[in-house]
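**Student:** As given, the protein sequences belong to chains A and B, one line each in that order. Under the working numbering, the letters of the first sequence match residues 78 to 209, in that order. Under the working numbering, the letters of the second sequence match residues -17 to 419, in that order.
Keep in mind that the hints are not guaranteed to be accurate.
SDA-like mimics (lysine to any residue), calculated; alpha carbons at most 20 angstroms apart, straight line [stated by the list, open to error]:
no.	chain 1	residue 1	chain 2	residue 2
1	B	Lys284	B	Glu183
2	B	Lys394	B	Arg405
3	A	Lys124	B	Gln397
4	A	Lys124	B	Gly300
5	A	Lys124	B	Arg256
6	A	Lys115	B	Phe142
7	A	Lys196	B	Ser94
8	B	Lys104	B	Arg184
9	B	Lys284	A	Lys115
10	B	Lys127	B	Arg299
11	B	Lys284	A	Glu208
12	A	Lys196	B	Lys284
13	B	Lys284	A	Val90
14	A	Lys196	B	Lys394
In silico contact screen, one side only, chain A against chain B (beta carbon under 10 angstroms); selected entries [claimed, not checked]:
no.	residue
15	Thr82
16	Asn89
17	Gly96
18	Ser111
19	Asp126
20	Ser128
These are computed hints drawn from the structure, not numbers from a lab. A virtual CB, placed ideally from N, CA and C, is assigned to each residue, including glycine.
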Amino acid sequence: MRLLTHNFLRSNVKGTENGYPLIIEVTTVRCEESPVDKEFLLGLIPKVDYSALRSAVRHMGPHCDPPLPDLPEVLPSAVGDVPSLDDATISILHRVLFDVYLVEGYLVCPDTGRKFPVKDGIPNMILHEDEI
Amino acid sequence: MSDLTGISRDSELNGKAHSSGCQEQASDFSSLSMKNFSRYGNIPIVETLESDISLDAKMTAGRWGGGISRNDEINSNPRRSSSSSSSSSSSSSTTTTTTKRMSRPELTGHASLFYDAREAKKYDSSSRMVGIQREITERAIELLKLDGRGTVDGHGRGSFRPSLVLDVGCGSGLSGQVLEEHGHVWLGCDVSRDMLNVANERMEHKREEAAAASHDNGGGSDDEDDEFDDDDDQDADDDPSMPDENNGTRRRRRPSPPTGDLLHHDMGTGLPFRPATFDACISISALQWLCYSNTRDQFPKKRLMRFFSSLYVVLRRGARAVLQFYPETAEHAILISECAARVGFAGGIVVDYPNSTKAKKHYLTTKGGVCVADDVDPRRAGGKSAGGKRGEKAPRKRKGVGKTKEWILHKKETQRKKGKDTRMDTKYTGRKRPTRF
Ligand SMILES: C[S@@+](CC[C@H](N)C(=O)[O-])C[C@H]1O[C@@H](n2cnc3c(N)ncnc32)[C@H](O)[C@@H]1O
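Here chain A stands alone, though its shape is the one from the complex (with noise of 0.2 angstroms):
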């Protein structure tokens, strides 16, 4: 699970009031290497919830390899139309949001409790009938 899926994923199981963010729980982590769509990523940015995204890279951070640095507390001008970045901070943002892999752990919804198991990169976010 990439740390833009995170961004986006909440839990939807009864009893929560936002179930966001999941909080991670690491146990491995794989870093690699995609190319950078500016374009694409300016776009995304007004959609990603930063301190979301931020306190994410402080739970990942350290299993990377190199272990990736805190993202700025705030983005220099992420707000407005057109998010002005330098190209430093787009690529330190591409490579949280696309190139870091959560392959195993859990997401713990923040309201309730409930853990959703990470297993080979992929969340099992399988809800039964009664947890609705």
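Based on the hints, put chain B with the ligand in the right spot on chain A.
**Tutor:** Relative to chain A, chain B with the ligand alone:
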């Protein structure tokens, strides 16, 4: 050549006291000389024939819900599709014939049990299946109309912009692969872990290939690189100011790592995402599963409603969903499209190869969130704004426009939900009564 049955069917519907919105639509459609148009209940259907018009012409902007509007466009474009699969539509229509429609895996139990490890492998390695799913996906992407140039929100023509696409019931990732080829970033959900494992393997493989390629070519840029850089949809790397992570060399564009990600999830329990996340949604050959109840606590309608209401929420404003499915009966198609309409989706069903029992394909094509804020409540609006949108909640203001059967059924359903004593639905429900004067 002009086939008038569609029109007459339609006006017949109007005769049965349908909303003024429908009348407006009917007149819109009757401007056509060639078409096959009908309805499931209140849901507009557009049938395409191989000799039929391009969908771009059919679903013209602004006229969603089977909005065929201009004749000239239609006639200038004799073929079903411009670019993708139909260069040999007639032959492909015959090769597409042996889909799994004859056997209904949906009747055998839960999808994750049917699509087990063995079936998943079989499915993914059947070249016939791969071909069919590819063709359907190409068509679905065409119907999404975000194919790069001129995306939904009208972003610059000519400049490709990938979309974030949700693939519901992504299975072994055949549909996702096509999305990938179109340059989109996708997220696939499926209830069968075995199908997802096959998808995962493919992505793993792609990853390795991409990694190997970037190693082999780590030495520097050459002609080949330039060739790739010529691709106009890869501007990011052309930017010389971009920091290079690969020791000062340009990263290779091909083969590229996968753009998809996977999630194990049952769509019938509602999609687990934040609002306004996706630019588009496709679903290929999966939605019909929701029409069946595989365990005692599964209720098709409830599951469909959960799915559609969550889909409506997770799609961006104005984003489209194209959901190809195999309805076993007309009731299933009605059920599906009415659930979609009830949560607020505008749209209709596009039927390709309507005259072939086997190659026939239904695409529920919907658009969500268009006018959520500024729309008039269609129940109260008279006329235009309600037309073709939430037809089933059609206004009943005008004299002579009675309560439609759908309206009555819906009302009874609501009453029942509230626990009120309600008469059974019969074939007499909402039947036309003699007029009193
Ligand atoms: C015929 S396959 C299509 C797979 C893929 N879209 C393709 O084009 O190859 C149908 C898929 O729908 C999935 N499916 C069935 N019911 C589902 C549900 N309730 N939620 C999510 N996926 C479901 C099945 O597991 C199966 O992988």
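**Student:** Taking the hints in turn, state whether each one holds.
**Tutor:** Hints, one by one, checked against the model:
1. B:Lys284 <-> B:Glu183: 34 angstroms, violated
2. B:Lys394 <-> B:Arg405: Roughly 8 angstroms between the alpha carbons, so the hint for B:Lys394 and B:Arg405 holds.
3. A:Lys124 <-> B:Gln397: 39 angstroms, violated
4. A:Lys124 <-> B:Gly300: Answer holds: A:Lys124 to B:Gly300 is near 15 angstroms, not above 20 angstroms.
5. A:Lys124 <-> B:Arg256: Roughly 10 angstroms between the alpha carbons, so the hint for A:Lys124 and B:Arg256 holds.
6. A:Lys115 <-> B:Phe142: Distance ~12 angstroms between A:Lys115 and B:Phe142 Cα, so the pair holds.
7. A:Lys196 <-> B:Ser94: With Cα atoms ~17 angstroms apart, A:Lys196 and B:Ser94 stay inside 20 angstroms; holds.
8. B:Lys104 <-> B:Arg184: 14 angstroms, holds
9. B:Lys284 <-> A:Lys115: 41 angstroms, violated
10. B:Lys127 <-> B:Arg299: OK: B:Lys127 and B:Arg299 at ~15 angstroms, within 20 angstroms.
11. B:Lys284 <-> A:Glu208: 15 angstroms, holds
12. A:Lys196 <-> B:Lys284: 30 angstroms, violated
13. B:Lys284 <-> A:Val90: 16 angstroms, holds
14. A:Lys196 <-> B:Lys394: Violated, at roughly 45 angstroms.
15. Thr82: 5 angstroms, holds
16. Asn89: 5 angstroms, holds
17. Gly96: 8 angstroms, holds
18. Ser111: 5 angstroms, holds
19. Asp126: 7 angstroms, holds
20. Ser128: Because about 13 angstroms separates A:Ser128 from the closest Cβ in chain B, which is outside the 10 angstroms limit, the hint is violated.
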